[in-house]
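Protein chains: 2
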Amino acid sequence: MPLIEYVSRIHFDFGAINQLSAELELLAITRPLLVTDKGIASAGILDRVLESASPLIPVVHDRTAGDPTEELLQECLESWKAHDCNGVIAAGGGSVLDLAKAISLLASHGGSIQDYEVNSGGSSRIGRVHPHIAIPTAAGTGAEVGRACVMTLKGGSKCVCVSLKMVANTVICDPELTQSLSPRMTAATGIDALSHGIEALVSNVINPPAAAIAADCVSRCARWLPHATHDGSDLRARWNMMMAALEGGLCLQKSLGSAHALATPLGELGIHHGTLIGVLLPHVLRYNREAAPDAFESIGQLVSLPASATAADWVEQLVSDIGLPGRLSELGISQGQLQAIAKRAMGVHLTATNPRRPQPEDYLKILEKAW
Amino acid sequence: MPLIEYVSRIHFDFGAINQLSAELELLAITRPLLVTDKGIASAGILDRVLESASPLIPVVHDRTAGDPTEELLQECLESWKAHDCNGVIAAGGGSVLDLAKAISLLASHGGSIQDYEVNSGGSSRIGRVHPHIAIPTAAGTGAEVGRACVMTLKGGSKCVCVSLKMVANTVICDPELTQSLSPRMTAATGIDALSHGIEALVSNVINPPAAAIAADCVSRCARWLPHATHDGSDLRARWNMMMAALEGGLCLQKSLGSAHALATPLGELGIHHGTLIGVLLPHVLRYNREAAPDAFESIGQLVSLPASATAADWVEQLVSDIGLPGRLSELGISQGQLQAIAKRAMGVHLTATNPRRPQPEDYLKILEKAW
Chain F
87 MPLIEYVSRI
97 HFDFGAINQL
107 SAELELLAIT
117 RPLLVTDKGI
127 ASAGILDRVL
137 ESASPLIPVV
147 HDRTAGDPTE
157 ELLQECLESW
167 KAHDCNGVIA
177 AGGGSVLDLA
187 KAISLLASHG
197 GSIQDYEVNS
207 GGSSRIGRVH
217 PHIAIPTAAG
227 TGAEVGRACV
237 MTLKGGSKCV
247 CVSLKMVANT
257 VICDPELTQS
267 LSPRMTAATG
277 IDALSHGIEA
287 LVSNVINPPA
297 AAIAADCVSR
307 CARWLPHATH
317 DGSDLRARWN
327 MMMAALEGGL
337 CLQKSLGSAH
347 ALATPLGELG
357 IHHGTLIGVL
367 LPHVLRYNRE
377 AAPDAFESIG
387 QLVSLPASAT
397 AADWVEQLVS
407 DIGLPGRLSE
417 LGISQGQLQA
427 IAKRAMGVHL
437 TATNPRRPQP
447 EDYLKILEKA
457 W
Chain C
87 MPLIEYVSRI
97 HFDFGAINQL
107 SAELELLAIT
117 RPLLVTDKGI
127 ASAGILDRVL
137 ESASPLIPVV
147 HDRTAGDPTE
157 ELLQECLESW
167 KAHDCNGVIA
177 AGGGSVLDLA
187 KAISLLASHG
197 GSIQDYEVNS
207 GGSSRIGRVH
217 PHIAIPTAAG
227 TGAEVGRACV
237 MTLKGGSKCV
247 CVSLKMVANT
257 VICDPELTQS
267 LSPRMTAATG
277 IDALSHGIEA
287 LVSNVINPPA
297 AAIAADCVSR
307 CARWLPHATH
317 DGSDLRARWN
327 MMMAALEGGL
337 CLQKSLGSAH
347 ALATPLGELG
357 IHHGTLIGVL
367 LPHVLRYNRE
377 AAPDAFESIG
387 QLVSLPASAT
397 AADWVEQLVS
407 DIGLPGRLSE
417 LGISQGQLQA
427 IAKRAMGVHL
437 TATNPRRPQP
447 EDYLKILEKA
457 W
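The listed protein sequences correspond, in order, to chains F and C.
One gets the working numbering by counting positions in the first sequence from 1 and adding 86 to each.
One gets the working numbering by counting positions in the second sequence from 1 and adding 86 to each.
It cannot be assumed that every hint is accurate.
What follows is a list of derived Cβ distance ranges for each label pair [as the list claims (entries may be wrong)]:
#	chain 1	residue 1	chain 2	residue 2	range
1	C	Lys124	F	Val204	43 to 49 Å
2	F	Leu239	C	Pro379	51 to 57 Å
3	C	Gln423	F	Asp317	56 to 62 Å
4	F	His313	C	Asp317	46 to 52 Å
5	F	Ala114	C	Gly386	44 to 50 Å
6	C	Gln160	F	Thr116	37 to 43 Å
7	F	Gly418	C	Leu250	46 to 52 Å
8	F	Gly197	C	Gln160	42 to 48 Å
9	F	Ser394	C	Pro392	26 to 32 Å
10	F	Gln200	C	His316	56 to 62 Å
11	C	Pro379	F	Pro141	41 to 47 Å
12	C	Pro392	F	Ala114	54 to 60 Å
13	F	Arg214	C	Pro141	28 to 34 Å
Far from chain F, by Cβ distances over 12 Å, these chain C residues were calculated [stated by the list, open to error]:
#	residue
14	Leu142
15	Gln200
16	Ser305
17	Leu332
Hints are computed from structural coordinates only; laboratory data are not their basis.
From a predicted model like this one, the values you see are computed outputs, not experimental measurements.
Even glycine gets a Cβ: it sits at the ideal position worked out from N, Cα and C.
Same shape as in the complex, but just chain F (with noise of 0.2 Å):
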């Protein structure tokens, strides 16, 4: 079985769930906090995961939903320390994830999460964290391998904290977990891992290893993205597409672009991520093809473009394809909102790490065309 190490120890294939019994004795959890959701219960993935821990009963917190926010996190938190727990086990999509890395700091470090934000210096605040094991059940956000969580806080505004340190201990990615997953969901999902390499590899950030494993990325979804979402029980297409999910997190170092930038402002609307992100995405390669000519042709050539077609026109294609929305206006926007969404977007750090500067008005015309 494939073990990949990069900052995580990363157990790779069908059938790895069966590893977690004894990664959780090399971390030496004894005591878990498995947190989960509804969903990932009432799928049978959850029963899955506790017979892998066995012999270990892990204290179950099962209400995540949506994005994780600073109640949630009070809540595992009194689960903690009402069970005397040593480690964190996230089974999920990228809120588990998120949430899991929040436990792990807060229950080492104490204090609320600001104290970690990284925009106040929060970063150099954190030390060595609990341990934890992070089991994607999507392949998407590629959280697994990630070093941010995003928090929701009391007031509604979003708390970001980043470190090294709360990189996941141990992945353990088995694609037969995603089998479950709506095609609706492994779509909006999969154009979110496709977009990572995409935005990863225009960007103005300098790191060879990060592109070609971003450009990997790209060719894995464009390949695999179809027949996962149309066949959900293609267990090869399963296969690619977590391992695609799994190097859009890893190339994210390369940093990301516009669309990711204007998704962030959309995001606090309570829509979804991914299914934004297909939106958008056609728009901004648009705006920044002049800007990367050389990455765009790398694109050109993963996805096997004809000479005729634009990466913008094939990703808009691909959207359509598998089912997914193609306007703003269709989830729940309206028009009045753009001019702010575009305003707040530019203060948004993926801003600057775009291939090409923009103006806020750029923003809002990108925004317009995308409505």
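Let chain F serve as the given structure and place chain C on it in line with the hints.
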């Protein structure tokens, strides 16, 4: 300046050496032991490193020569103790970089290097080691991001220690430092970098992110190694070869194959590793070709091979073009030694990750063709 983080923090660019003083501070190294060799000192690189360490004045040990030995390690540990050091800086090629790992290990753990030998379960005895900074001065081994060190014991045998804990905390890759490397050493170390990319791509281990990095290593070497060899002042070629060597080190977790297995017993005869690899690789590729058709097709595309040519022929031609010897007989090996070498190479762990499983007679045939 690109900041690349996998396990190590990697500063990579012209002028990266200027980060040394800030990195020493970040790692809280106040009394560094600097290990290097006389060649680095006479090329003026040592002065450049010392200048960048200012205001700190490292204790310098510049007596590394060839493969590092247990005696040399002992000397360094005595310097460490005498000056109450608390961190290591290594400036040099693979030997110096390996030595630094062994110093960090023994200065923090005590005992002798054999206590940590990988085949005797020594890796599990390796905990947190003293911080160290790796500064490669050649573009070849990729040891700057490696997790292994090889020491020659008093009896002449080799002791290999492996642990992620020994990976350099910070790597400073400054292509300027490779500018004074002779054409012969540029060629011999560059072929080693290329061989890491090729053997990793061809190996039977599944690791797509490492394969993607290996592919980028191969295409970079194909394009830039002749330039770096024939015109050492070509800064773009130096940048790209240093990046290729780094990528060659990063992809090693996909393992290597028979060229490196055969080079292990041959290397113990005191022959330069990269030079050996240049001789062996074409013959190993001919032997492997049928066993890994997809990898060979990728290599063909990466180096723009015409349909009629093979990867083996291409490597053979490159080795000749950059002025390296093409036969083992030119390296002082006698025909009578080949059988024993074939037998010993069978026991090297890299034989098991070669895509085709060799028998001792296969290794003998390869060695005879290379002789």
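Hint by hint, here is what the structure shows:
1. Distance hint check for Lys124/C and Val204/F: the Cβ-Cβ separation is about 46 Å, which falls inside the suggested range of 43 to 49 Å.
2. A hinted range of 51 to 57 Å holds for the C-beta pair Leu239/F and Pro379/C, which are about 55 Å apart.
3. The hinted range of 56 to 62 Å is satisfied by Gln423/C and Asp317/F, whose Cβ atoms lie roughly 57 Å apart.
4. In this structure the supplied range 46 to 52 Å holds for His313/F paired with Asp317/C, their Cβ-Cβ distance being about 48 Å.
5. The given range of 44 to 50 Å is respected by Ala114/F and Gly386/C, whose C-beta atoms sit roughly 48 Å from each other.
6. Under the hint 37 to 43 Å, the C-beta atoms of Gln160/C and Thr116/F, about 41 Å apart, fit the expected range.
7. Evaluation of the 46 to 52 Å hint for Gly418/F and Leu250/C yields a pass: the beta carbon distance comes to about 47 Å.
8. At about 46 Å, the CB distance of Gly197/F to Gln160/C agrees with the hint of 42 to 48 Å.
9. Between Ser394/F and Pro392/C the C-beta distance comes to about 28 Å, which sits within the given range of 26 to 32 Å.
10. A hinted range of 56 to 62 Å holds for the C-beta pair Gln200/F and His316/C, which are about 58 Å apart.
11. About 45 Å separates the C-beta atoms of Pro379/C and Pro141/F, a value consistent with the hinted range of 41 to 47 Å.
12. A hinted range of 54 to 60 Å holds for the C-beta pair Pro392/C and Ala114/F, which are about 56 Å apart.
13. Look at Arg214/F against Pro141/C: about 30 Å separates their beta carbons, and that is inside 28 to 34 Å.
14. In this structure Leu142/C is separated from chain F by more than 12 Å, as the shortest Cβ-Cβ distance comes to about 22 Å.
15. At the 12 Å boundary, the C-beta of Gln200/C stays outside the reach of chain F, the nearest C-beta of that chain being 25 Å off.
16. The Cβ of Ser305/C does not lie farther than 12 Å from every Cβ of chain F; its closest approach is about 10 Å, which violates its non-interface assignment.
17. Interface exclusion of Leu332/C from chain F breaks down, the closest Cβ pair being 8 Å apart, not more than 12 Å.
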